[in-house]
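S.K.: Sequence:
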Amino acid sequence: MTRKRKRSIKNTFGRNGHFNSLNEVAHPLAGEANKTVKIVICIFLVIATFAVYSQVKDHEFLNYDDPGYVTENLHVTTGLTRENINWALTTSYFSSWVPMTLLSHILDYQLYGSNPKGHHLTSLFFHIANSLILFVVLLRMTGALWQSSFVAAMFALHPLNVESVAWVSERKNVLSTLLWLLTMWSYIRYAETPSIKRYGLMTLIFALGLMSKPMLITLPFILLMMDYWPLRRLKFEQGQGSVEIIEKHEDKKAGFMRLVSEKIPLFLLTVGASIVTFINEKSGGTMKLMEDLSFSTRFNNAMVSYLEYLKKMIWPNDLAIFYPHPGNALVVWKGMLCGMALVGITAIAIRLIRKAPYFAVGWFWYLGTLVPVIGIVQVGIQAMADRYTYIPLIGIFI
Numbered sequence: 009m010t011r012k013r014k015r016s017i018k019n020t021f022g023r024n025g026h027f028n029s030l031n032e033v034a035h036p037l038a039g040e041a042n043k044t045v046k047i048v049i050c051i052f053l054v055i056a057t058f059a060v061y062s063q064v065k066d067h068e069f070l071n072y073d074d075p076g077y078v079t080e081n082l083h084v085t086t087g088l089t090r091e092n093i094n095w096a097l098t099t100s101y102f103s104s105w106v107p108m109t110l111l112s113h114i115l116d117y118q119l120y121g122s123n124p125k126g127h128h129l130t131s132l133f134f135h136i137a138n139s140l141i142l143f144v145v146l147l148r149m150t151g152a153l154w155q156s157s158f159v160a161a162m163f164a165l166h167p168l169n170v171e172s173v174a175w176v177s178e179r180k181n182v183l184s185t186l187l188w189l190l191t192m193w194s195y196i197r198y199a200e201t202p203s204i205k206r207y208g209l210m211t212l213i214f215a216l217g218l219m220s221k222p223m224l225i226t227l228p229f230i231l232l233m234m235d236y237w238p239l240r241r242l243k244f245e246q247g248q249g250s251v252e253i254i255e256k257h258e259d260k261k262a263g264f265m266r267l268v269s270e271k272i273p274l275f276l277l278t279v280g281a282s283i284v285t286f287i288n289e290k291s292g293g294t295m296k297l298m299e300d301l302s303f304s305t306r307f308n309n310a311m312v313s314y315l316e317y318l319k320k321m322i323w324p325n326d327l328a329i330f331y332p333h334p335g336n337a338l339v340v341w342k343g344m345l346c347g348m349a350l351v352g353i354t355a356i357a358i359r360l361i362r363k364a365p366y367f368a369v370g371w372f373w374y375l376g377t378l379v380p381v382i383g384i385v386q387v388g389i390q391a392m393a394d395r396y397t398y399i400p401l402i403g404i405f406i
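Residue numbers (our numbering): 9 to 406.
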């Protein structure tokens, strides 16, 4: 059994040295035998998600951000015009440059007018699409049918994601995640058969994602982790003297730095988006609280928030649309205790990186994707927000 498994892992790279989908090599019988099961899982995800969220069609707009984004925004309520499209592409509205999100609101108003039903259903459609694409992407990479369906179902139905789906102003979350997942899909296709065309498509989708919500700046790092698991484009082996060496499967002459260098255009987009976002947030006054709080206070709140999100993931109780920042009232020992717990879990993840790579990748996915909104660089007056976990919790589910 062990030999057979080793052969299947080795064969995830074809004769040309390119990554092959595990659906094609490691699980050769899964294609036809499980086709019906895959369809049933997709149908279940659609029906279950719609059943849980269909009530949003009867919800109204909120008086929290919705007036600014939609109902009282003349550039949105006057529909698709050249002037409004130009505004969406050039404005730094709400201290953010998110033209794709603004265009989606304009298009919604063109289609549905002031009826909130259509606006809510559009967000629900994006969430359902995200759940399906997440399932397909994980299955494509791992060949693990039931594990992939579990992660997709948890993502689709977890209460922490309600805020992102049921709040029209959080369109940027569901839309940017759609583009995040499509970037992952495009990257898998590129890894299977590298070409300029496939790389260009991936880069374009990623750029559109950044234009929906700049939180996608962490995606290139996630793609690099995916190279280790589950794509297996590189792996860590035990070397002489217990020294970790990096061995690249697809090309002996290429190594870790080649995988980094191939993502340079993505990193450049990340740097550009980060600079633009910082300038916009600074000029918009949303970083004022950061100037009033010491670094140690912000760091302590970040450590506590990491564990608070995990607690709410396990037991989603006392959820709220706003969690006020405790400021200097947050006791130091609580932040230190949470920080020690995070270090401990991280040490375990590193120790198990070869035996349980999914644990390490999932944990670092969670830690890394929360960095832009964890509060070390404080934007706004909140301590944390449910909507910030929409992408990060995928790592924990993995």
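Bear in mind the hints are in silico, worked out from the structure with no lab data behind them.
A hint or two may mislead.
[Claimed, not checked] What follows is a list of derived Cβ distance ranges for each label pair:
#1 Trp154 / Asp326: 46 to 54 Å
#2 Phe275 / Ile384: 37 to 45 Å
#3 Ala328 / Gln118: 27 to 35 Å
#4 Ile47 / Ser122: 19 to 27 Å
#5 Thr86 / Met348: 51 to 59 Å
#6 Thr98 / Val379: 39 to 47 Å
#7 Ile47 / Glu299: 34 to 42 Å
#8 Phe52 / Ile204: 22 to 30 Å
[Claimed, not checked] As a list, the in silico DSS-like pairs of lysine-lysine whose alpha-carbon atoms are at most 30 Å apart:
#9 Lys363 / Lys290
#10 Lys46 / Lys363
#11 Lys320 / Lys363
From the three backbone atoms N, C-alpha and C, an ideal C-beta is built for every residue, glycine too.
S.K.: If a hint holds in the structure, say so; if it does not, say that too.
M.R.: These are the hints, each one checked on the structure:
no.	hint	verdict
1	Trp154 / Asp326: 46 to 54 Å	violated, 32 Å
2	Phe275 / Ile384: 37 to 45 Å	violated, 20 Å
3	Ala328 / Gln118: 27 to 35 Å	holds, 33 Å
4	Ile47 / Ser122: 19 to 27 Å	violated, 38 Å
5	Thr86 / Met348: 51 to 59 Å	holds, 54 Å
6	Thr98 / Val379: 39 to 47 Å	violated, 28 Å
7	Ile47 / Glu299: 34 to 42 Å	violated, 54 Å
8	Phe52 / Ile204: 22 to 30 Å	violated, 38 Å
9	Lys363 / Lys290	violated, 44 Å
10	Lys46 / Lys363	holds, 28 Å
11	Lys320 / Lys363	holds, 28 Å
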